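K.L.:
Sequence:
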Amino acid sequence: MSFILSARILDPQFQGQVKEKLNSREAVKLVSTMIRDPLEIWLNNHVEAGRAIAQLAIKQAEARLRTAQKVEKRKSSGVAVLPGKLSDCESETIIDNELFLVEGDSAGGSAKMARNKETQAILPLRGKVLNAFEVDADRLFANTEIHDMAVALGVDPHAADAPDSVLDRLRYGKAIIMSDADVDGAHIQTLLLTLFYRHFPKLIERGHVFVAMPPLYRVDVPAQGKKRPAKRLYALDEGELEAIRDRLKKEGFNPDAVEIGRFKGLGEMNPEQLRETTMDPATRRVLPVQLRADCADETRKMFTLLMAKGEAAGRRGWMEEKGNLVEADV
Numbered sequence: 001m002s003f004i005l006s007a008r009i010l011d012p013q014f015q016g017q018v019k020e021k022l023n024s025r026e027a028v029k030l031v032s033t034m035i036r037d038p039l040e041i042w043l044n045n046h047v048e049a050g051r052a053i054a055q056l057a058i059k060q061a062e063a064r065l066r067t068a069q070k071v072e073k074r075k076s077s078g079v080a081v082l083p084g085k086l087s088d089c090e091s092e093t094i095i096d097n098e099l100f101l102v103e104g105d106s107a108g109g110s111a112k113m114a115r116n117k118e119t120q121a122i123l124p125l126r127g128k129v130l131n132a133f134e135v136d137a138d139r140l141f142a143n144t145e146i147h148d149m150a151v152a153l154g155v156d157p158h159a160a161d162a163p164d165s166v167l168d169r170l171r172y173g174k175a176i177i178m179s180d181a182d183v184d185g186a187h188i189q190t191l192l193l194t195l196f197y198r199h200f201p202k203l204i205e206r207g208h209v210f211v212a213m214p215p216l217y218r219v220d221v222p223a224q225g226k227k228r229p230a231k232r233l234y235a236l237d238e239g240e241l242e243a244i245r246d247r248l249k250k251e252g253f254n255p256d257a258v259e260i261g262r263f264k265g266l267g268e269m270n271p272e273q274l275r276e277t278t279m280d281p282a283t284r285r286v287l288p289v290q291l292r293a294d295c296a297d298e299t300r301k302m303f304t305l306l307m308a309k310g311e312a313a314g315r316r317g318w319m320e321e322k323g324n325l326v327e328a329d330v
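Quick note: the sequence shown uses the working numbering, first residue 1, plus one each step.
Bear in mind the hints are in silico, worked out from the structure with no lab data behind them. As the structure is a prediction and not an experimental result, all values here were calculated from the model. Heads up, the beta-carbon is just placed ideally off N, CA and C, and yes, glycines get one too. Please note that a few of the clues may not be correct.
Below, computed lysine-lysine pairings styled on DSSO-like, alpha-carbon distance capped at 27 Å [claimed, not checked]:
id: 1; residue 1: K309; residue 2: K59
id: 2; residue 1: K128; residue 2: K309
id: 3; residue 1: K85; residue 2: K59
id: 4; residue 1: K128; residue 2: K322
id: 5; residue 1: K202; residue 2: K301
id: 6; residue 1: K249; residue 2: K226
id: 7; residue 1: K250; residue 2: K226
id: 8; residue 1: K85; residue 2: K322
id: 9; residue 1: K29; residue 2: K19
id: 10; residue 1: K128; residue 2: K301
id: 11; residue 1: K231; residue 2: K202
id: 12; residue 1: K85; residue 2: K128
id: 13; residue 1: K59; residue 2: K301
What follows is a list of derived Cβ distance ranges for each label pair [unchecked claim]:
id: 14; residue 1: R36; residue 2: A159; range: 37 to 45 Å
id: 15; residue 1: I58; residue 2: L10; range: 31 to 39 Å
id: 16; residue 1: M302; residue 2: A162; range: 20 to 28 Å
id: 17; residue 1: T299; residue 2: A63; range: 27 to 35 Å
id: 18; residue 1: A54; residue 2: T304; range: 25 to 33 Å
id: 19; residue 1: M302; residue 2: I58; range: 25 to 33 Å
id: 20; residue 1: V326; residue 2: A160; range: 24 to 32 Å
id: 21; residue 1: C295; residue 2: P229; range: 45 to 53 Å
Build out the structure end to end from the sequences listed, making use of the hints.
P.N.:
This is the structure we're talking about:
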């Protein structure tokens with residue numbers, strides 16, 4: 001929408017040195033007197049046109065606001081600086097390299113001691129990551145955790161239909177979400193998966209995103225003679241724990257002699273346990289994150305229901321209907 005306004009002023013006054021804006025009080029009064037009433041009458045007689053003009057003004061104002069708030073990746077000498085809390089790996093073979101996104105500084109410290117420095121990098125995350133489902137890509141880097149993840153991975157936010165070239169600077173073959181095996185840990189997983197689904201979809205499409213499965217229980221089995229030394233087993237959940245108990249009972253172990261410990265979180269594990277259960281490729285369990293092509297619409301609807309701000313009523317109804325199916329450790 002554009003217009004030309006011509007005003008004849010005897011003594012014009014302008015704002016600033018560059019004189020971009022007329023600042024005369026007489027000009028304001030003149031324009032208001034000649035324009036305001038006729039324009040209001042016209043708008044009242046053309047409601048749909050007035051509504052379209054208002055929407056256009058709002059849209060342009062929002063665009064200006066987004067441009068003003070755009071946050072660029074932090075750079076030094078034209079090169080993105082790796083985050084200081086990242087413990088990087090030594091290998092440059094991308095397919096072998098792994099980045100662990102670890103919940104909390106405590107678990108991050110254990111993970112740093114447990115890792116294979118050659119191929120495994122650690123990035124501790126403080127608190128819960130921002131829900132990025134409805135955040136504009138230009139505003140993502142205002143969040144320190146998301147900025148650090150993007151810089152560490154070497155991938156910028158992109159759309160689902162972006163070319164594969166957005167992964168040209170990818171620094172790790174696997175991005176592994178490693179959080180506690182509790183409700184808070186599941187929430188952090190959900191927030192990170194929302195971030196990848198919404199703003200880094202090519203990472204999921206190309207099979208680069210994984211979720212670590214740390215155990216909830218540690219089972220210490222005593223020795224039985226020279227041929228059966230003491231051993232330590234791990235159970236992912238109550239179901240696996242019961243299966244281990246049944247197996248040990250059949251093998252002749254006294255149930256009262258078997259010690260069962262429960263992990264409160266990753267930070268409670270010593271580096272040896274963390275390596276054995278969650279980080280060593282030979283013994284760990286990790287789930288690959290995949291988006292099934294035949295469920296694209298269903299997946300989008302579920303993310304919208306769970307993560308969109310305007311879906312509170314829908315979430316409440318969904319929880320009332322499905323809440324009994326959840327086995328939550330609270």
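K.L.:
With 27 to 35 Å as the target window, see if T299 and A63 comply at their CB atoms.
P.N.:
29 Å, holds
K.L.:
For the hint 37 to 45 Å, verify it against the beta carbon of R36 and that of A159.
P.N.:
Since R36 and A159 have Cβ atoms about 44 Å apart, the given range 37 to 45 Å holds.
K.L.:
Is 20 to 28 Å a correct range for the gap between the Cβ atoms of M302 and A162?
P.N.:
22 Å, holds
K.L.:
Taking only the CA atoms, is the gap from K249 to K226 under or equal to 27 Å?
P.N.:
19 Å, holds
K.L.:
K128 and K309: Cα distance at most 27 Å?
P.N.:
17 Å, holds
K.L.:
At the C-beta level, are C295 and P229 separated by a distance inside 45 to 53 Å?
P.N.:
47 Å, holds
K.L.:
Tell me if the straight-line CA distance from K85 to K59 falls inside 27 Å.
P.N.:
Not OK: K85 and K59 at ~39 Å, beyond 27 Å, violated.
K.L.:
Determine whether the Cβ-Cβ distance between A54 and T304 falls within the hinted range of 25 to 33 Å.
P.N.:
Because 27 Å falls inside the window, the suggested range holds.
K.L.:
Does K202 lie within 27 Å of K231 when you go C-alpha to C-alpha?
P.N.:
Measuring from Cα to Cα gives roughly 42 Å; hence the hint is violated.
K.L.:
For K85 and K128, compute the direct alpha-carbon distance and say whether it is at most 27 Å.
P.N.:
Roughly 17 Å separates the two Cα atoms, so the pair holds.
K.L.:
Take the C-alpha atoms of K309 and K59, compute the straight-line distance between them, and say whether it is at most 27 Å.
P.N.:
20 Å, holds
K.L.:
Verify the proposed pairing of K59 with K301, using a straight-line Cα cut of 27 Å.
P.N.:
With Cα atoms ~26 Å apart, K59 and K301 stay inside 27 Å; holds.
Violated hints, listed in ascending order, are 3, 8, 11; each of the other numbered hints is respected by the structure.
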